[in-house]
Each structure stands twice: as C-alpha cells, then as structure tokens.
Amino acid sequence: MSKGLRDRASLTRRTLLKAGGAAAGAAALGGCLSSSEDGEDQVSGEVLTAFGNCWMCSHNCGQKAYVREDSSGKKTVVNLTGVDGHPRGSAGEGTEGTLCPKGLGQLDKTHDPKRIQEPHIRKNGELQKVEWEEAFQYTAERLATFKEENGSETFLDATSWAETSIFSTVWRELYGTPERISRGIHVCAGPTFVSGGMMGVGSNNRVPDYQNSEYIIAWGRNQLNSFAGQFEAKGTLEAIEKNGATLVTIDPQHTITAEKSDKWLPIKPRTDGALALAMANVIIEEDRYDEDFVENYTHGFDAYAEAAADMPPERAADITGLDAEDIRKVARGFAEAAPQAGISVWTGTAQVGNGWKATQNITALNGLVGNIDRPGGLRLWKYASTASFGEVCEQDYTNRAEFKEPAINKYDEYSDYPVRHITGIAHNLVPEMVENGHINGIVVHHDDPLKDGNADAWVEALDAMDLVLSIDAYWNGVSRNADIVLPEATQLEKDTLGTGNWSAYPKHTWVTGSKAAVDPQWNTKPDFDILVGIADAMAEETGNDDWTVFEQWDTHEDFIDDELSAIDLTLEDIDSGEVNYELVDEFEYESWEGDDHYTFNFDLDQVPPFAQAAEEADMDTAPEWIPPGTYGDELSEDYPLEFYDVRSVFFSHASNQPQERLRDQFAKRNELADEDYRGNYLHINPEDADKRGISSGDMVTVESETGSGELMAVVSERARPGFVTAEYGFGETSATPDGEGMNTMTLHHKQMDPITGQVDRHIAVEVTSSGGD
Amino acid sequence: MAADTDHWVFYFDPNRCIGCHACTVSCKQYHGRGSDADDWRTVTHHEEGTYPDVNDVPISMSCMHCHDAPCEKVCPTNAIEKRESDGIVTIDREKCIGCKYCGWACPFGAPTYGDEGLMSKCNMCLGQGPGAGADADSTAKHKQDGQAAVQPNCVSDCVGGAIKAGPQSEVIREASEAAANRFKSDNGRVIVEPFAEGSAAVDSTGSSDIITPFNAGD
Ligand code: SF4
Ligand code: SF4
Ligand code: SF4
Ligand code: SF4
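Residue numbers (UniProt numbering), protein chains in the order written: chain A, 1 to 773; chain B, 1 to 218.
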C-alpha cells in the first residue's frame, strides 16, 4: 500500500488500541479505509443517523447520532451533534443545537471498554460474572431474604434520575420502602427547590426566562460554563446581544460568567442572604417595588420589610465584603428592569449551612419586584402532561410503602434533626441510620452517594449493609463494593423520553424522545429491562402477582407510547422526523392574574411543617440574616481557609470522569496538561499559596477537622483569597480507575442545612504542600 | 481558479466564546484523535490581573486556512498546499519531512507534530487523514451530505456560536465592519470580532492588555 494509506491505517490502529473508546471516532476517519491489506481497519459501511437526548446531566439536549453499520450489522456511533431548534440544546426556533463537552462525552462513553460489561454477583467474597438470568434470580432471592430478615422498609432507594419512570414503582410501591434519597433536594439544591415550592413559585425558581430578560443575575451560578441544558448559556448570550441585557454575576470565584458580566460582585462566601436583604432594603426604601403585586398576591410583606430594614447596604457591605454603592446599583438596576429581570440560582447558594435563608431571601426579591411569571422574569414553567404510571397501568396492585413512616420520623434517635419535618431523610444521616439498624441495604442506580457528603462514614455504612445492589455503567465506589452489579446500557443504547418544562421556548410545553441509536453494548441492558427483569424474578420468587405489573408492556417503547398517549403522540412520531422534539401546548404568562388564591409567600409561617422545623432550628419563618457558622463550619486558626467544591464543564456528576479526552481537556484548561496527573485541582489564590510555599502543579494536602485528601494545586488570581475550591467526583470511590485526585467529601462530616438536610459543602480547612515534585 | 472571496475562512467572536472546549472535543471525536494526540482546535485561556480585577479570556483557535498561508511559503518540500478550489490548506504527509518550518511561520501555532513527527493540523474537516493532503477525498465535509452546506464539526458543535466557517464573501457579510476591516488589513487570515464594550474583559483592566494569538502582532 502507499505510504499515505499506511499512515492513515496506522493512525487508525493506534487510536483503536490506545483509547478503545476512541475506536468509534476512528471509524469516522475511515470512509473507505477497507482497502488496508491486513484487514484490520474494516471500517467501511453505511452511515445512518439516529436521535438521542442527552442525560449526561439529565437535561435532555437533543442529539443527532451518526451511526456506522458494518457488514455484520454491528453499529458504532461515529459522530454526535446537536438538534437544531431543540428546546434544551438550542436557543429556540431556527437556532443551532449543539452538545456541551459533557454531552459530547456520550460518544466515548457508549463504546468505552472500561464500562461494566457483564452482570456480577458476589460469591465467596468475590464479584463474579454471571448470566442475566442468574443475576435476576439471585437479586430476587436476596431481596426476599432481606425483607424477611430486616424488613423492606429498611432498604434505601438511592436511584438517581432515570430515563424511565418505573424506578419508584419498583422500589417504593412494589418492594415497599419509604426510604429514598436522590439528587435534587437531597444533595443538589434542597433549599432552592423546597423554598421555591413553599413560597409559591415551584422548584423551577432557579431558571428565569433568559431570552426575554433585560437584567439577568447569575447568583452563585456559572451558567455560561456549567450547562443544565445549553439553552441557558445560549439564552443568556442572546439576551445580551438582542436585548442589550445587563448580566450581573454574584460569585466569590471568578468564572467565565463573571468574565462576560457587566458587573461581577466578588461576594464573601456564605453571605448571599445579607446581600439579598440589602437589595430589598434599597428597593423598599426607594419605593421601587411592585406595590400592586405585593398588595394583591403576597403574604408576609411586613415581616420581610422589617428584616430588610435591618440590612442597609452599609451593613451588608461589611458582611459581604462588597461596596455599598455597588449593592445599590445592582438593586436599582434589577428593580428598574423588572419585571423583565431574572435571577438564575441553583446549587451555589444552596449547598451551605445557612443556605435556606440565602435562598428564601433571594427568592423573595422576585415577589418584591413582581417579576413572577412575566416575560424576562421568573417563569412558572409547565410540563407537558404525559400519562402517569397509574394512568397507563391496567393492573391493580398494592402500594406497599404507602403507610410506612420513614425511620427519621419514626424513631427518637433523630428528634434533634429539624429536617425530619421536611424531606423525610437526609443524605448525611444515612450512616447514622445504618448504625442504628434503620437502614440495612441500598439500591443505587447511576449515582455515587459516596461523593455527595460525609464520605468516610458512607464508605463504612456501605460495608455494614446487608445488601448492596448497584445498577450502573461504571465501576465506582458503590459498584465495586456491591453484592450484585447489574450493568446498565447507556443513553444512546436505550429509548428515552423527556417531558420538558423550562427551556428556550418559554411559552410551550414540549417533549423530546428517541429510540435507541445502537444496541446495548456487551452484555448490558437498558434500565427498563433491568427493572422488569427484577420484577419478573420477584413474581416467581414471592408468588405475588403484583410483581407481574410490567407484563402489559412488551418493550420500553410500548410503555413510552402509553405515557405519550395523553398527548396523542408516539415515540415513533417524535423520533422519525427532522428533529426529535415536539412543542405540545402553548401557555401564557401571568398565570396568577385574577387568581385570588395565588399567593407568593415572603413569610412561611403558614406552612406548618416548615414552621415546626424552623422553630427547632431556632430560625424565623420570615426572611432574615443568618451568619455563616450558625449551622456549618467556622474558620479557625487551625483551619483558616474556606473550602467549597465546584463542578467542571467537562464532567457531570462523576459519570464521565473516565473519558480520557475530557480529562485531557480539563488538564489543558488548568494549564497542567504536561503533568501525568489527571485528577481534580485545588484552586488557590497566590496570596494563600505563597504563604504555604505552593506553586501550580504541586501536590497539596487539604485537611479539615474530620478528614483529608491529596490533589494538585492550581495557583490562580481567579481564586478568592481565603477561599479554596476543587471539582467534585474524583479520587477515592469515584469511577476514575486510577484513583487520581481527591474525593472532596472526605473533608465533610455532617454539616448541613438544618431544614432540608442539604449537604453543606463549605468546610473549614488548612492546605499544606505535600512535598516532593 | 476560485477567487479569494470563494475561499473558506474562519470567523471567531471572542464575545461569544465561553471557553467550554466543546469545539476541541468535537474535532477530536470526529477525526478519531486519541486524547493524547495534539489538538487541531485548541482553546486557551488568557488570565491576567489581581483578584478581584481579573480577566480570563478564552480563545478558540485552529488553522485559519490563511489567504496568504505563510506556512506554505516556507515549506521546503512543497508538502503544504493551499487548495485553489476552496482555499483549504492541506498537508501531504508523504512529502512532509517534519522540519517544523511551518510551525515557526504560522502566526497561530496551528501545525502540530505529535503524529509521528510529521505535520498535522486542522483540515477544515476534509474527509480523511491528519493532513488530508495527497490522496485525500477532495470533497470537504461542508460539501458532503447532499446539497446543504454542512459545517465543519467544531463549528456545528460550538455551544456559544462563536465560530463560523464558509466562503469569505459569505462570512464577511455576517461580520461587523471592524472585524471585516481588520481581516483585510491582516493579510486575510481570520475574521475576528473585537471585544464588545462593557464586558468585564474591557471594563476593569482592558482587553488590549491581554495578549492572545489574535492580537499578538497588533
Ligand atoms: S447540558 Fe450538556 S450534559 Fe446536559 S443534557 Fe445538555 S448536552 Fe447533555
Ligand atoms: S493558520 Fe498557520 S498553518 Fe494554517 S494556513 Fe495559516 S499559516 Fe498555515
Ligand atoms: S474544521 Fe474540522 S478539523 Fe478543523 S478544527 Fe474544526 S473540527 Fe477540527
Ligand atoms: S465551543 Fe465555541 S464557545 Fe466553546 S470554547 Fe469552542 S469556540 Fe468557545
């Protein structure tokens, strides 16, 4: 063969050998490489297109997948791109859809040989490969025994978001456990979601109507670089370009969103509650609020106004480290632009001990300026109403969890935790509940609770449990230590359905869906098939007919079609056109107008469970200022630095940390690609680094009162003096096989927001150079 | 021979680049380049200032397929070719001797040598191979797939909508006057939008203090 061809062939072969996962991409190179003499590069074949919708961060951006089919019928994904006009992946009608780097990582993930390829069960202490039939049967036996010995109510459902809604049916209604932790309120942004619900704007109080906004506040959010649906970044850029919108970022750390902002308020960590009250102070004092809305649609204004009066900008300036005039300026700008003024808020102000009040105070600003459900403000987003499981299920069955009380409510041991009135369980308390014998087993799906708080205690707890069932695509802290490991197919290998709400279409409900683009790789199964397999085995094991409830659907697609029947669509309809989404219904703004029952609550005194929890936590029901350290860590001489863990644009919930291309870009972004190290980085300001003799690329030890870990330092002026951060999801217990980096939550013990139990990720630490190179 | 105005060029708007690296990942995946192979499209972050007066400007770069292609001029073996049909600059790796002259001549540091010591770089998503020279499929990606112009992969996956590509005459129509003028006075290499007034990048310490590959020679 010619040298040119040999070059390409060897590149292909090398790539194939080296990255394994990169084999897919290598095929894209090919086209007609089948002429190679040794026949190793047979990558010819037809390229087909298929759809997907991305669940890497669970927000469903539309995917177009290019799939090559070889002569044996084997399909390989060779390229992945966005879907134009997609509600989550584009800026709306007629605009290009894309995939963010985490989403693009799905291509590598699909064919990644590091995935769990076979079902495993633990025999004589070792995880051993078995056939699916044996795995299901064994699972059923173990579940039945567990129920006999411990009671099914002590089995913790820790299944994360899924492309199917039958997870809760299996564990809650059929197996009968009332115990559930998930992402969302338990480990993401409890205060944001729960306060939004109680105050009257729902848990979507985090996503404003970007495109129509004239003033956007990114409050503890980096929406230009931490996508939850890329329309967020695109919508923000569009508002700036088309409406000349002002962008303000409130963040202790300098981020790309701060970079693009008209104003960056480099706030002292954990003082957001004071800033929000000071803004209210200015808006009320200067009569810039929406009197009509406040008068007619809100409750508790007097208590709110009183708290705000206590926080003039000068006092807030002392607390927040900001300039009083800047606070006035932003308050005025926000009120002037209102109601076309939106606040984007999510985890940043929530993963804090005093996060409840921070979020309540921030959310209150929306009621104050009356931007509720108005263009460019806070939208009361609506879902497309597909049919629920109950509606499509033709069988009657007993909900076995219905009258079971979660242990945290039932037993005196937990009477000191106000959270028991609100969320039924707290992530941080699980180890204690295991010790008390109230939790004895766990099922984890596509998640790793060992990196979400109280890590060391969780590791021990997992070890102490009688039954650990893991449904996952990667070996991580849970799957490696499980009794049963059921290998899950990844998103492009299964049928998916997303039902929307917030998006680039502020006036439309929508659905997006796709059929599997390729077959399940190796011996894996889509989660739906796994759950049905377990249910069938349980029917046999227990003789109870309730478990046959899934027999009415032959396939996941049938089930999805039943769900879609409520809006007169099928998966085929959604998947077979030019795009893979449908706009379903239109809904108007100002849904509260003329509704006498609509109330925006500044004060939550009329929400009894909250009032009770607040009383026990020694907190007011109305907005107020609660200083850092009241519920979480205080800095001290021994631990003088404040640590907080952050996300990176390359990774989503530790599910794509194993992707080499992404980890390499992550190292490049931190300008440390030349080092072999591919873990997370401790970002530290030069001032703090110099004092400790630390330079970029040094390994450092981070220590809190209860734990420590080692990772590589990045010394940067983007880091706030006195405040250090690192990306989460790495190190011990993670899916990164070589274990580089640090599980940030080994620093954590039980700090939490007392109301929602949300993990408080602000931790007092000291950082020292680990020595060596 | 096609006129310059029909030749493909890149456009970059630093105001819309959010430094997410999707373009790099997308390029790598499409061309099957392993994680440790050099990036043909690279995102760099230019940080300066002292907290809190910090700027961190992301810049996404690849080979710009320059009209004047300085790399082509210095190549001793004539391995580099600026295609007459569409202006795409290719490398014939059978002729490349890995002398790195092109790397020195290129104002953007686009050529890389990780692939067996031979030059490789962005080929504007031409069908095959690291350089897509010699016996490469002469149909560029943007002309495949039927009628519609398909964009190079990094362009169609750019989250911020910061990169465009196309025949000069088309792309320049969508650019600001300032960008077009600079393009003309800069030997026709790449169309780059100036930083918008009022962005933090200009507000505090001023973007002109930040040296990026695009203003290094200004
Ligand atoms: S934002 Fe990124 S990771 Fe999340 S769904 Fe969209 S493409 Fe996937
Ligand atoms: S960018 Fe560099 S490599 Fe590309 S054409 Fe110009 S000089 Fe040549
Ligand atoms: S045009 Fe194609 S080859 Fe060039 S940087 Fe973009 S994706 Fe890579
Ligand atoms: S994909 Fe676009 S926005 Fe993201 S880094 Fe590349 S050029 Fe910038």
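Heads up, a few of these hints could be off.
[To be verified] Listed next, the in silico DSBU-like pairs over lysine-lysine satisfying Cα-Cα at most 35 Å (straight line):
1. LYS75/A to LYS184/B
2. LYS143/B to LYS668/A
3. LYS184/B to LYS515/A
4. LYS184/B to LYS507/A
5. LYS184/B to LYS382/A
6. LYS242/A to LYS95/B
7. LYS164/B to LYS263/A
8. LYS141/B to LYS329/A
9. LYS141/B to LYS74/A
10. LYS404/A to LYS143/B
Please keep in mind that the hints were generated in silico from the structure rather than gathered at the bench.
So, against the hints stated earlier in the document, which numbers end up violated here?
1, 3, 4, 5, 6, 8 and 10
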